[in-house]
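Protein chains in written order, with our numbering: chain A, 27 to 315; chain B, 6 to 480.
If you are wondering where the hints come from, they were derived from the structure by calculation, not from laboratory data.
Because the structure is a prediction, the values reported are computed rather than measured.
Heads up, a few of these hints could be off.
Pairs of lysine-lysine, DSS-like flavour, derived with a Cα cap of 30 Å [as the list claims (entries may be wrong)]:
no. : chain 1 : residue 1 : chain 2 : residue 2
1   : B       : 38        : B       : 370
2   : B       : 91        : B       : 307
3   : B       : 307       : B       : 372
4   : B       : 38        : B       : 50
5   : A       : 69        : B       : 38
6   : A       : 91        : B       : 187
7   : B       : 77        : A       : 91
8   : A       : 69        : B       : 307
9   : A       : 82        : B       : 262
10  : B       : 91        : A       : 69
11  : B       : 393       : A       : 69
12  : B       : 278       : A       : 69
13  : A       : 82        : B       : 469
14  : B       : 469       : A       : 91
15  : A       : 125       : A       : 32
16  : B       : 91        : A       : 82
17  : B       : 372       : A       : 69
18  : B       : 372       : A       : 91
Here are a few chain A residues that sit away from chain B, every Cβ distance over 12 Å (derived from the structure) [to be verified]:
no. : residue
19  : 61
20  : 65
21  : 83
22  : 97
23  : 114
24  : 146
25  : 211
26  : 257
27  : 263
28  : 274
29  : 280
Footprint (simulated), chain B over chain A, 3 or more residues, beta carbon under 8 Å [what the hints assert, rightly or not]:
no. : region
30  : 49 to 59
31  : 299 to 313
Every residue gets a Cβ at the ideal spot worked out from N, C-alpha and C, and that includes glycine.
Here's the letter readout for the chains.
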Amino acid sequence: MRGKQKQVWGLLTPTLILLIFLGVVPIIYILYLSVYKYNVFSKVGMVYTGFNNFRKLVFDPDFLKSLRLGLTYVILCVAIELPLGLAFANLLTYEYKGKGIFRTIMTLPLAMAPISIGAIWVLMTNPDFGPLAVYLRNIGIDFNIGNNANQAFIATILMDIWHWTPFVTLTFMAGLSSLPKQPFEAALVDGASKSQTLRYITLPLLRPVLFTTLFIRIMDTFRVFDEVWMLTSGGPGTATRYVSIHVVREVLQSMNYGYSSAMSLFLLYLTIVVCWLLITFINVSQESG
Amino acid sequence: MKKALVLFVSLLVLTLFTTAFAETMVSNPDWWKKAGEPYKGVTIKGISESTPPSKAAMEVAAPQFEELTGIKVVFEVTSWDEMYNKAIQDMQTGSGIYDFVYVEQDIVYSYLPQNWLTNLTPFMNNPAITDPGFDLADFTSFIDNFKDGEGNIYGIPFEAFLKSYVYRTDLFGEPEIQAAYKAKYNKDLAVPTNWEDYTNIAKFFTEYGKEKGIELYGHIAQAKTHPCVAYEICETIWPAMGIYNWGINLENMRATKANGGLVDSDEAKAAFKWYVDMLQWAPPGVKTYTWDETAATFGAGKVAQGIIYLENLGWWSDPAQSEVAGKISVALPPVTEKALADAKSGAGYIGYYDGGALGIPHSSKNKEAAWLFAQWVARKEWQGEFAKLGTRVVRNSTFEDPIVIELDPQMGNYFTFLKEQGPLFRGAPALPMHRPLNDLYLKWVSKAVAGEISPDEALDNLAKETDELMEELGY
């Protein structure tokens with residue numbers, strides 16, 4: 027037994043070392059930086075400032091706006107992707123001509139790197155020649171994400187939906203295919219309609235998958251960066267300057283390591299709180315179910 | 006046996022060809038072979054922005070250098086943002102990933118106080134690794150940007166070019182257009198020398214395009230929420246209107262009028278308001294344009310005039326790549342009288358002298374090999390060809406190169422313009438906090454361009470926050 031334990035630890039140790047080095051050490055370093063005023067180009071070097079960076083965060087209108095924008099983005103993306111993904115997954119449970127082609131085309135965006143998605147959408151939304159802009163202009167809508175903050179915001183949401191709904195669909199498809207058949211057969215025998223089956227049998231049985239997918243998508247959309255950076259760079263102005271873009275600007279452009287460390291820690295804390303709330307909700311609903 | 010013979014002969018021919026090719030581009034191949042001998046087999050890695058000169062260095066200069074010296078060159082070309090992020094992080098952490106980096110003229114003032122770059126002057130005094138034909142005196146005054154207060158050199162100029170006025174000679178010379186302009190403004194259509202004429206010409210061509218149902222605009226800008234829009238204000242619009250050094254008083258490093266700066270001055274506000282207002286005469290997508298899209302749109306023949314980086318003249322002059330080959334010329338940007346007088350006296354400047362050098366990070370493990378490569382790219386005998394590939398000149402002798410003399414008329418007499426008018430332009434001011442400052446300028450400029458706030462409000466806030474930033478950074 028002891029020998030087996032040694033073997034297990036021996037196998038786990040390299041991974042644990044890597045995780046500690048790549049995960050824990052950077053967090054400790056950020057904790058250290060967060061209590062300093064530290065800009066790489068400062069003449070005075072690192073100056074200890076205690077919790078002033080965190081205090082500044084609370085009153086920083088740019089950070090608060092980016093947080094508000096980011097949370098709005100998360101809510102809208104997830105609220106659309108989940109039902110849409112479920113609808114597609116449901117559609118793919120039926121047999122019909124062209125199902126394979128539909129599934130392939132639908133899944134294609136998922137195979138692309140986020141930066142490529144951003145590049146595609148830059149072309150699609152180009153006000154001069156992009157298909158979206160041209161077709162919308164033909165029906166009287168002046169689509170220009172460089173000029174219109176709302177359109178830029180909506181474009182980033184549509185981009186995320188286009189990119190990640192296939193993921194949600196595949197997750198729900200896996201969930202649907204693993205559901206027991208007996209409740210559905212019983213419902214059929216009892217004369218339940220499709221909507222009644224969906225509401226009283228499919229959704230409750232899918233709850234674990236639903237919450238897991240919700241969890242993953244919230245985490246992913248909250249830290250969105252590549253696609254939005256490529257498409258709008260956070261603009262026009264600050265219209266799509268979500269919290270991850272705001273942090274990157276502080277770190278890589280302003281080189282303000284101290285303040286951006288405080289920002290990152292705050293976001294980590296926020297993420298942990300959201301995760302805890304979600305997990306609690308999942309556990310409670312599983313217990314009551 | 007026959008196959009092996011054919012292969013051997015092919016390899017021999019290829020070797021002779023490449024050797025011959027390399028030898029035609031270098032006057033003293035034996036020196037290079039000898040100088041590279043101690044470093045044979047070493048790999049040097051560098052990073053630069055994905056521009057024509059960098060691509061030329063990567064695709065042409067690097068393989069030739071490798072062939073001759075045996076020093077392998079891995080030349081990474083990437084986006085402007087990524088280049089800075091990677092270079093700065095490498096030098097700041099001392100990780101030694103890069104042996105040479107592109108040092109733009111504006112960022113060198115941030116690198117020098119941090120001691121991130123290697124002093125190249127001692128290298129120049131070492132004959133074993135310095136090309137006898139290096140000729141430091143032959144570099145244009147652009148090299149002065151890469152010197153410290155004691156005259157030590159920290160970068161070898163790689164590219165230098167102007168951002169100035171460029172216009173469509175075919176459109177300006179079209180009789181129907183000339184007549185229409187004269188009828189509307191009671192003035193001959195000519196290269197504008199002041200901002201009022203520029204504005205009228207911009208409005209005229211955009212309206213002309215609409216009337217004729219063609220995609221033609223009278224103005225272009227780089228107005229995306231990207232550092233480029235801040236640069237356009239500070240480096241192009243403000244200097245031509247008499248506001249220099251980003252509106253910052255370089256003696257006390259302050260931006261507000263109250264502290265001797267000009268950012269929130271009436272002149273700066275008027276200039277910025279003009280800039281925002283002019284965007285209505287540019288293509289609809291102008292607020293999604295960085296410098297790349299601006300150049301591409303001009304090259305596609307959609308714009309009659311603009312103030313654009315002239316490194317693009319090379320590909321604009323190629324009919325295979327652009328719609329404006331043979332139809333463009335360059336001129337001074339419109340300026341105020343004060344700005345022109347200041348520029349001629351040396352008290353100011355009228356626009357941006359852009360460019361950069363190859364510098365060697367302090368953390369490089371192959372400094373001598375990197376020094377050899379920097380010299381290779383800057384060697385005299387290649388400068389004519391390099392000017393053709395990248396539309397850049399860093400040596401005085403290059404202006405007399407037959408390739409450049411032949412190219413000049415095809416590029417709207419740009420090289421003559423660069424030689425004669427270059428002294429009226431200047432690079433960015435010596436601001437060690439260039440990066441955080443640019444980000445701050447970007448924040449407020451882009452808010453006004455997007456219409457979130459007025460230009461006046463943007464500059465009032467920018468001036469105030471610039472002073473706060475300077476204080477925080479210890480200036």
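* Which of the stated hints cannot be reconciled with the structure, identified by number in ascending sequence? -> 2, 3, 5, 6, 7, 8, 11, 12, 15, 18, 20, 26, 27, 28, 29, 30 and 31
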